[in-house]
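J.: Sequence:
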Amino acid sequence: MLLPRIKGPRDLDRLSQEELDQLAAEIRSFLVDAVSKTGGHLGPNLGVVELTIALHRVFESPKDKVLFDTGHQAYVHKLLTGRQDFGNLRSKGGLSGYPSRAESDHDVIENSHASTVLGWADGLAKANEVLGREDHHVAAVIGDGALTGGMAWEALNNIAAAKDRPLVIVVNDNERSYGPTIGGLANHLATLRTTDGYERFLARGKELLERTPVVGKPLFETLHGAKKGLKDFIAPQGMFEDLGLKYIGPIDGHDIEALESALQRAKRFSGPVIVHCLTQKGRGYTPALEHEADRFHAVGVIHPDTGLPVKTAAASWTSVFADEMVKIGHEREDIVGITAAMLHPVGLNKFAEAFPDRIYDVGIAEQHGATSAAGLATGGVHPVFAVYATFLNRAFDQVLMDVALHKCGVTFVLDRAGVTGDDGASHNGMWDMSILQVVPGLRLAAPRDAEQLRAQLREAVEVKDAPTVVRFSKGVVGPAVPAVGRIGGMDVLRAPGAEVTRPDVLLVSVGALAPMCLEIADLLDKQGISTTVVDPRWVKPVDEALAPLADRHRVVVTVEDNGRAGGVGSAVSQALRDAGVDVPLRDFGIPQRFLDHALRKEIMAEIGLTAPDIARQVTGLVAKLDGRYDSEPAATVD
Numbered sequence: 000m001l002l003p004r005i006k007g008p009r010d011l012d013r014l015s016q017e018e019l020d021q022l023a024a025e026i027r028s029f030l031v032d033a034v035s036k037t038g039g040h041l042g043p044n045l046g047v048v049e050l051t052i053a054l055h056r057v058f059e060s061p062k063d064k065v066l067f068d069t070g071h072q073a074y075v076h077k078l079l080t081g082r083q084d085f086g087n088l089r090s091k092g093g094l095s096g097y098p099s100r101a102e103s104d105h106d107v108i109e110n111s112h113a114s115t116v117l118g119w120a121d122g123l124a125k126a127n128e129v130l131g132r133e134d135h136h137v138a139a140v141i142g143d144g145a146l147t148g149g150m151a152w153e154a155l156n157n158i159a160a161a162k163d164r165p166l167v168i169v170v171n172d173n174e175r176s177y178g179p180t181i182g183g184l185a186n187h188l189a190t191l192r193t194t195d196g197y198e199r200f201l202a203r204g205k206e207l208l209e210r211t212p213v214v215g216k217p218l219f220e221t222l223h224g225a226k227k228g229l230k231d232f233i234a235p236q237g238m239f240e241d242l243g244l245k246y247i248g249p250i251d252g253h254d255i256e257a258l259e260s261a262l263q264r265a266k267r268f269s270g271p272v273i274v275h276c277l278t279q280k281g282r283g284y285t286p287a288l289e290h291e292a293d294r295f296h297a298v299g300v301i302h303p304d305t306g307l308p309v310k311t312a313a314a315s316w317t318s319v320f321a322d323e324m325v326k327i328g329h330e331r332e333d334i335v336g337i338t339a340a341m342l343h344p345v346g347l348n349k350f351a352e353a354f355p356d357r358i359y360d361v362g363i364a365e366q367h368g369a370t371s372a373a374g375l376a377t378g379g380v381h382p383v384f385a386v387y388a389t390f391l392n393r394a395f396d397q398v399l400m401d402v403a404l405h406k407c408g409v410t411f412v413l414d415r416a417g418v419t420g421d422d423g424a425s426h427n428g429m430w431d432m433s434i435l436q437v438v439p440g441l442r443l444a445a446p447r448d449a450e451q452l453r454a455q456l457r458e459a460v461e462v463k464d465a466p467t468v469v470r471f472s473k474g475v476v477g478p479a480v481p482a483v484g485r486i487g488g489m490d491v492l493r494a495p496g497a498e499v500t501r502p503d504v505l506l507v508s509v510g511a512l513a514p515m516c517l518e519i520a521d522l523l524d525k526q527g528i529s530t531t532v533v534d535p536r537w538v539k540p541v542d543e544a545l546a547p548l549a550d551r552h553r554v555v556v557t558v559e560d561n562g563r564a565g566g567v568g569s570a571v572s573q574a575l576r577d578a579g580v581d582v583p584l585r586d587f588g589i590p591q592r593f594l595d596h597a598l599r600k601e602i603m604a605e606i607g608l609t610a611p612d613i614a615r616q617v618t619g620l621v622a623k624l625d626g627r628y629d630s631e632p633a634a635t636v637d
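Mapped onto numbering that gives the first Met the number 0, the consecutive letters of the sequence shown carry residue numbers 0 to 637.
By construction, these hints were calculated from the structure, which means they are not laboratory data. Built from N, CA and C at the ideal position, the CB exists for glycine as well. Misleading hints may appear alongside valid ones.
[As the list claims (entries may be wrong)] Simulated pairs of lysine-lysine, DSS-like, Cα-Cα distance not exceeding 25 Å:
1. LYS162 with LYS245
2. LYS349 with LYS310
3. LYS6 with LYS125
4. LYS310 with LYS36
5. LYS62 with LYS162
6. LYS62 with LYS125
7. LYS600 with LYS310
8. LYS266 with LYS245
[Unchecked claim] DEER-style ranges, computed between Cβ atoms:
9. VAL483 with LYS525: 12 to 22 Å
10. ALA160 with ASP251: 30 to 40 Å
11. LEU598 with SER318: 19 to 29 Å
12. VAL462 with ARG357: 18 to 28 Å
13. VAL462 with LYS62: 24 to 34 Å
14. SER15 with THR285: 45 to 55 Å
15. GLU128 with VAL462: 28 to 38 Å
16. ARG100 with GLU543: 45 to 55 Å
17. ALA482 with SER318: 15 to 25 Å
18. GLU461 with ALA314: 39 to 49 Å
19. ALA160 with ARG576: 45 to 55 Å
20. ALA314 with VAL483: 17 to 27 Å
21. PRO3 with PHE593: 56 to 66 Å
22. ARG576 with THR305: 52 to 62 Å
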């Protein structure tokens, strides 16, 4: 076995070509065995085995910076840099599913948001130039899917401006992001994949023409002067070279020797170079290759031999949204769907199958997607843009200045809202209810169960003069939480007995935390503390009935699966102040820090967002109001 002997990249230097091929096979076998037990990004990593080996043979990490866009394809990189314990991958205390500076000096970017790597590479190359580090190199790996993002092209524009600043850009072209890459760039790269290079043609032409008497040499010089046009005709890589970027490729991304040769040439070049590598997502694992939707982009725990899930998945929030979208689509011809290269993960695949002419995949371009949605709404249709909550951050300016300012009826559906857990800090959807609070006119719904998701999605698409947002959690949707009454637009989930004239606590429950809030109320009841639990349903704007209701209670408590800074608790506090309601308020939510990867329940326990933790603090607050404690109760989650 070769893999256990690889403790760092330089251990690759002494391996023969035959041994490198053996190592690649061992890595693939390791990945299938390890990831099938833990879940994770399998297909992308199976596709970059040889490419990662070649990168670490040619570049001297960590002195040279080897960067990965999104980072989900960095498992091979981890193996080659001394991290081969995958037993707790993406679990508390185990390896992150993305590069992590805490794990290794070989890791640089850990935000795992796509299309950023070229901006990082540009900055690092500039730093090398400023500090005179001529022996330092930067190699940035970006997929063809990530190249659909606008940030990548902003970076390319800047990179190309410095023709003498070394930088190697490796385009990992597997024709996919999650699913097949879509758009004009995808078509261009497809042309490059299927066209023979013009260099061989030109060399053969030169040889023939120089042997032709009298007219041969002048004719060759004329053709060579027209090289640009000839090149575009035979191998249209001119798009890159028009930017001032030297182009090498396409290279077989599974031929280590060819990859090393191309990367060595690029490394020696004194300016920016693109090395175009053709790889196969899921390579070497039949179940992945046969999975047309995403080639096992990300999997749960599976049987390694068959690729089938070990457990049957229960109904998820995403599946509830997916089914309801199809129903609404049948009822309304003006409903269209938008996805940013994530058709299946956000549940729009069923809508796409039913209405193929009413779905738009904009690529990894959330900003463009939001503004295009504004145009669609202005044109008379109602777009539903489904996106992970963490990725909406990237389109905030467009939500504010294109959609909201122009009063466009666009519905944003935010999947994976709140603590998501195993994908780590950058994937927790803990920012949306804070950043969206500042958008004038925007209405934000947080459904507590499947029934409310269906109802509030329908309410959202009825709004024609403002953006609406429907956000829900990752994973299995819980049981129905019935209302026992309605006050204003709020559902009452629990009310004290009629004999209680002024209840102690008004508990404002946000979204999927409703079961936990009812548990809190049960715990408080055992302490003799009466509690009203309400679900606002629409958390922005704050319901006008909330302030007078709060005035009839001694304490107001808000519980949300969102950052505490500027979240629902802050909005409720401001609404109470504006209404002149002076009652103590405690807001519980996610602390404003980046949370390490772990199971959702582990993170919730770590940050104190559990029923016992919250009930304990509320009990202390009520006791203080009763004069039973002289000291301040335990601090709220902060």
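J.: With reference to the structure, classify each hint as holding or not holding.
T.: Now for the hints, and whether the structure bears them out:
1. Between LYS162 and LYS245 the CA atoms are separated by roughly 9 Å; this keeps the pair inside 25 Å, and the hint holds.
2. Between the alpha carbons of LYS349 and LYS310 the distance comes to roughly 22 Å, so the proposed pair stays at or under 25 Å and holds.
3. Proximity of LYS6 to LYS125 is assessed by CA-CA distance (about 31 Å); at most 25 Å being required, the pair is judged violated.
4. Between LYS310 and LYS36 the CA atoms are separated by roughly 12 Å; this keeps the pair inside 25 Å, and the hint holds.
5. A threshold of 25 Å between alpha carbons decides the hint, and for LYS62 with LYS162 the separation of about 23 Å falls inside it, so the pair holds.
6. Between LYS62 and LYS125, the direct Cα distance comes to roughly 15 Å. Compliance with the 25 Å bound is thereby established for this hinted pair.
7. Taken as a hint, the LYS600 and LYS310 pair is honoured in the structure, with Cα atoms around 19 Å apart against an allowance of 25 Å.
8. About 12 Å separates the Cα atoms of LYS266 and LYS245, which keeps this hinted pair within 25 Å; it holds.
9. The hinted range of 12 to 22 Å is satisfied by VAL483 and LYS525, whose Cβ atoms lie roughly 20 Å apart.
10. Taking the beta carbon of each, ALA160 and ASP251 are about 31 Å apart, inside 30 to 40 Å as hinted.
11. Hint check: LEU598 to SER318, Cβ distance near 21 Å, so the stated range 19 to 29 Å holds.
12. One distance hint, 18 to 28 Å for the beta-carbon pair VAL462 and ARG357, holds here, with the actual separation near 19 Å.
13. In this structure the supplied range 24 to 34 Å is violated for VAL462 paired with LYS62, their Cβ-Cβ distance being about 55 Å.
14. Here the CB-CB span from SER15 to THR285 is close to 28 Å, at odds with the stated 45 to 55 Å.
15. Checked against the hint of 28 to 38 Å, the C-beta distance between GLU128 and VAL462 comes to roughly 51 Å, which is inconsistent with it.
16. Taken as a hint, the range 45 to 55 Å holds for the pair ARG100 and GLU543, whose Cβ atoms sit roughly 47 Å apart.
17. Distance hint check for ALA482 and SER318: the Cβ-Cβ separation is about 23 Å, which falls inside the suggested range of 15 to 25 Å.
18. For GLU461 and ALA314, the hinted distance range of 39 to 49 Å is not satisfied, since their beta carbons lie about 25 Å from each other.
19. Hint check: ALA160 to ARG576, Cβ distance near 51 Å, so the stated range 45 to 55 Å holds.
20. The beta-carbon spacing between ALA314 and VAL483, approximately 25 Å, falls within the hinted interval of 17 to 27 Å.
21. The given range of 56 to 66 Å is broken by PRO3 and PHE593, whose C-beta atoms sit roughly 33 Å from each other.
22. For ARG576 and THR305, the hinted distance range of 52 to 62 Å is satisfied, since their beta carbons lie about 59 Å from each other.
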